[in-house]
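Q: Sequence:
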Amino acid sequence: MNLMEYQGKELFRRAGIPVPRGKHVTTPDEAAEFVAANPGDWVVKAQVLMGGRGKAGKIKFAKTGDEARAVAKEIVATPMPPNRQNPKGEPINSLLIEEKLPIAKEAYCAIAIDRTTKKPVVMVSRFGGMDIEEVADDHPESIAKFFIDTAQGYWPHVGRELAFTSQLDPGYRKALPQIVAGLYDVFFRYGAKLVEINPLALTDDGRVFASDSKVELDDDALYKNPEFKEWQTALPLDEDEQLAVQAGLGIRNFRRFDGTVGTMANGAGLAMGTMDAVKNAGGSFANFLDVGGGANAERVRNCYELVMNHTGAKVFFINIFGGITRCDEVAKGIVEALNTTSSRKVPLVIRLTGTNEEQGRRILADAGMTPVETMDEGAAQAVGLAGKN
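The opening position of the sequence shown corresponds to residue 5 in the numbering used here, with each subsequent residue numbered one higher.
Since the hints were derived computationally from the structure, they do not count as laboratory data.
So the derived label-pair ranges between C-beta atoms look like this:
id, residue 1, residue 2, range
1, H161, G316, 52 to 62 Å
2, E231, D33, 25 to 35 Å
3, T344, A40, 52 to 62 Å
4, T31, G61, 11 to 21 Å
5, L342, D33, 46 to 56 Å
6, R366, G388, 25 to 35 Å
7, G20, M134, 20 to 30 Å
8, E340, H143, 54 to 64 Å
9, G61, D141, 24 to 34 Å
10, S346, A40, 50 to 60 Å
11, D142, D33, 42 to 52 Å
12, E377, E231, 37 to 47 Å
13, D45, D224, 38 to 48 Å
Derived lysine-lysine pairs resembling DSS-like cross-links, with alpha carbons at most 25 Å apart:
id, residue 1, residue 2
14, K197, K149
15, K122, K197
16, K123, K197
17, K59, K77
18, K218, K59
19, K64, K77
20, K27, K233
21, K122, K218
Keep in mind that this is a model prediction, so the values were computed, not measured. Even glycine gets a Cβ: it sits at the ideal position worked out from N, Cα and C.
Sequences and hints are given; from them, build the entire structure.
A: What follows is the structure, given as structure tokens:
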């Protein structure tokens with residue numbers, strides 16, 4: 005789950021990272037009321053998950069309540085235009101009113117997961133306020149990295165070392181160790197995959213602020229923080245993402261297509277492989293569905309109903325490789341779904357292999373179902389059945 009800027013900054017604030025004063029509002033009148041009650045220079049920023057707000061004219065300035073109302077109306081009047089992050093664009097439903105900082109320098113600071121070393125990596129660059137991908141292309145030597153051993157955790161000397169290695173302005177050196185410590189706290193406390201400050205602003209009077217935030221949370225860790233369910237309602241989810249959330253899935257775990265073979269697998273890679281197998285067998289897939297690791301009977305039933313109620317599937321191909329996910333739990337979910345659902349029923353093609361495979365096969369056999377042995381066999385059978393229905 006990606007967070008809006010104001011949500012990410014709330015997590016930063018809790019972790020002791022300095023953020024500018026501000027207020028999240030949902031209407032131009034609320035923007036005007038806040039600025040009128042707090043005279044000064046303010047920035048009015050569209051709250052979207054896309055980048056490129058400045059170029060799109062969705063960040064403006066105001067000094068009075070009337071100015072705030074006027075620029076807020078301009079910002080929300082049209083959606084964010086399409087770009088490479090979101091080819092459809094994005095509606096603007098809220099705004100962040102934030103104090104205008106006298107910025108002298110801009111830097112970059114982030115923590116992400118490095119899949120090669122399987123460690124969190126802290127990245128710092130003296131080039132802030134621009135895409136880190138551009139920095140990596142144009143100034144690769146400017147990005148300083150430190151791979152954190154999670155058994156030892158983060159220590160302040162890491163931040164000091166990064167400040168010098170990345171050649172940050174001396175004004176950052178005192179504040180950076182504490183800011184990286186705050187990012188590390190957010191990263192682990194809330195189950196993040198990415199925490200990013202871009203730009204990390206140094207003001208004329210020597211203060212350091214997180215001027216923007218980018219936080220991506222692991223969907224499988226959201227249960228640890230119930231408040232994120234409420235936060236999720238404020239995000240601009242499309243219909244497929246809303247359906248995924250309602251089924252207890254991550255927002256990226258379900259997507260509909262125009263085919264006739266419904267699919268479900270555990271893991272995004274296996275789910276895409278299942279779709280490829282259907283295509284290679286001469287069929288067309290109705291959806292992408294990653295049921296996730298550790299799927300239980302209830303989630304399997306929810307996924308069955310999701311595909312039956314919201315796609316044009318004529319057959320349902322379930323492809324499970326049991327690791328964390330137990331084959332017997334999946335089998336229970338399949339049987340329970342067929343016995344309790346009010347959704348339409350279509351032929352099932354089931355492949356179960358891995359943890360508790362034999363127990364799962366017995367459960368299916370007792371219900372009169374026989375799973376296939378391989379993915380390609382299952383795909384061919386599913387495509388054949390879809391052609392008959």
